[in-house]
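Engineer: Here the protein sequences line up with chains X and V, keeping their order.
Counting from 1, position 68 in the first sequence corresponds to residue 68 in the working numbering; the numbering is continuous, with no gaps.
Counting from 1, position 177 in the second sequence corresponds to residue 420 in the working numbering; the numbering is continuous, with no gaps.
According to the in silico footprint, chain V covers these stretches of chain X (three or more CB under 8 Å from chain V): (1) 8-18; (2) 28-41; (3) 109-118; (4) 144-156.
Below are the SDA-like pairs computed for lysine to any residue, each with C-alpha atoms no more than 20 Å apart in a straight line: (5) 111/X to 425/V; (6) 276/V to 454/V; (7) 276/V to 408/V; (8) 129/X to 443/V; (9) 372/V to 203/X; (10) 397/V to 271/V; (11) 129/X to 449/V; (12) 129/X to 448/V; (13) 372/V to 393/V.
For the record, the hints were derived by calculation from the structure and aren't laboratory data.
None of these values were measured; they are calculated from a predicted model.
Just so you know, even glycine gets a beta-carbon here, dropped at the ideal spot from N, CA and C.
Protein chains: 2
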Amino acid sequence: MLAIGDELLSGRTRDRNIGHLAGLLTLAGIDLKEARIVGDEHAAIVAAVNALRPRHTYVFTSGGIGPTHDDITADAIADAFGVPIGHDPRVMATLAAHYAERGLEFTEARKRMARIPHGAGLIDNPVSKAPGFRLGNVHVLAGVPAIFEAMLDKVLPTLRGGERMLSVAIDCGLPEGLIGTALGAIQARHPATSIGSYPQYDGRRYSAQIVVRSRDRAALAAAEAEVRVMVTELSAPSPPTGK
Amino acid sequence: MLAIGDELLSGRTRDRNIGHLAGLLTLAGIDLKEARIVGDEHAAIVAAVNALRPRHTYVFTSGGIGPTHDDITADAIADAFGVPIGHDPRVMATLAAHYAERGLEFTEARKRMARIPHGAGLIDNPVSKAPGFRLGNVHVLAGVPAIFEAMLDKVLPTLRGGERMLSVAIDCGLPEGLIGTALGAIQARHPATSIGSYPQYDGRRYSAQIVVRSRDRAALAAAEAEVRVMVTELSAPSPPTGK
Numbered sequence: 001m002l003a004i005g006d007e008l009l010s011g012r013t014r015d016r017n018i019g020h021l022a023g024l025l026t027l028a029g030i031d032l033k034e035a036r037i038v039g040d041e042h043a044a045i046v047a048a049v050n051a052l053r054p055r056h057t058y059v060f061t062s063g064g065i066g067p068t069h070d071d072i073t074a075d076a077i078a079d080a081f082g083v084p085i086g087h088d089p090r091v092m093a094t095l096a097a098h099y100a101e102r103g104l105e106f107t108e109a110r111k112r113m114a115r116i117p118h119g120a121g122l123i124d125n126p127v128s129k130a131p132g133f134r135l136g137n138v139h140v141l142a143g144v145p146a147i148f149e150a151m152l153d154k155v156l157p158t159l160r161g162g163e164r165m166l167s168v169a170i171d172c173g174l175p176e177g178l179i180g181t182a183l184g185a186i187q188a189r190h191p192a193t194s195i196g197s198y199p200q201y202d203g204r205r206y207s208a209q210i211v212v213r214s215r216d217r218a219a220l221a222a223a224e225a226e227v228r229v230m231v232t233e234l235s236a237p238s239p240p241t242g243k
Numbered sequence: 244m245l246a247i248g249d250e251l252l253s254g255r256t257r258d259r260n261i262g263h264l265a266g267l268l269t270l271a272g273i274d275l276k277e278a279r280i281v282g283d284e285h286a287a288i289v290a291a292v293n294a295l296r297p298r299h300t301y302v303f304t305s306g307g308i309g310p311t312h313d314d315i316t317a318d319a320i321a322d323a324f325g326v327p328i329g330h331d332p333r334v335m336a337t338l339a340a341h342y343a344e345r346g347l348e349f350t351e352a353r354k355r356m357a358r359i360p361h362g363a364g365l366i367d368n369p370v371s372k373a374p375g376f377r378l379g380n381v382h383v384l385a386g387v388p389a390i391f392e393a394m395l396d397k398v399l400p401t402l403r404g405g406e407r408m409l410s411v412a413i414d415c416g417l418p419e420g421l422i423g424t425a426l427g428a429i430q431a432r433h434p435a436t437s438i439g440s441y442p443q444y445d446g447r448r449y450s451a452q453i454v455v456r457s458r459d460r461a462a463l464a465a466a467e468a469e470v471r472v473m474v475t476e477l478s479a480p481s482p483p484t485g486k
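The shape of chain X in the complex, shown without the other chains (with noise of 0.2 Å):
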């Protein structure tokens, strides 16, 4: 996934749409590899684009899509595949209703909304219109994020999802250091899950929280009663003449 925005490099806004794709590809059986934060700079788009589109299945963006000089986005799409780029009849049509229903001007600025790489797959906007695309793997989607949201469920169920991540999160009293040895000998026992430990510091103490995930349901169960099993054992207060 790749947020652009000038925005969320100055540290004016927080991304929130890297975490909200991430939720829905893990529930959708697609892992998320990466993702990226470049501002609004045409080379540095273009680059990232070309980056990660031979990598990966699919990439999506955000932002960068909308009616203002700053919104370079579908352009610099448009460079990274190598094919023009102009104002799409289709959108010009939609665009033209959708501002005369509602008695407003059709802009040249929001006629820049219609500016669509030649080849590209529309992606409905059911929020304000002004749709997203398709460009061979790479989804071009709105920054705002109730829009994003919008545009995601539209492209979701045309993505080819893998078979379902399964997970379960043990909670733990004790901190990492007293879990990490065991933790990793079990996760070397049990290749077929990714077994991750999470600190968790309420500003007194450390406890975890360990999660193991696999998409083999025997194999989640397995390590589960392992990290269980060791979780009581190590949380048992010692004998009294223990060392």
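Guided by the hints, dock chain V onto chain X, whose structure is given.
Structural biologist: Chain V in isolation, oriented as in the chain X frame:
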């Protein structure tokens, strides 16, 4: 900036460190140019670090320096720089004292946190002792936000800040489609500024916030004045005989 962690790509955890860093760098007059998120994968971390470090003055990473088997950032950084890694005696001493003081065992897992690439400088961790480190221009910080932030406070005074970026935000009740063309013309007339426009959607109507940024106070004021005139003019009701 490179944020590291499977949990950020699965949607379990939303990254908070990129936004925090972005805001503080902006205050320090340093532009954050790009951010990436990768999982706990050795090759992905090495590739990202080696892509970022020749391209930027400073690089920051978050995550993956704890005591468990999935904490592989230090090893990946050592590989990225082609230097050996081992238990740093300074850190071993600090951590041994820290755990002894608390009557806690200095486990093998905890000793992992003393693994520091050769030649790295340490970054103090006032929260939980296990330090981050700096190798070349790469600053390796913890992923837990409270610790990331504390370490970053130690690092910031060591960075060479640029001239502080000044900015002004102008609320505009108009949608971007009505201001886009005029705003683009203002941007063209004021090349020493960077003018961004951020659409807002409250579920019913669109508005925009216009942000003018510059390192030059006079340039900022001149562009701001033009934006304010533009917003006022475009917000005024049309005269009754208008087109």
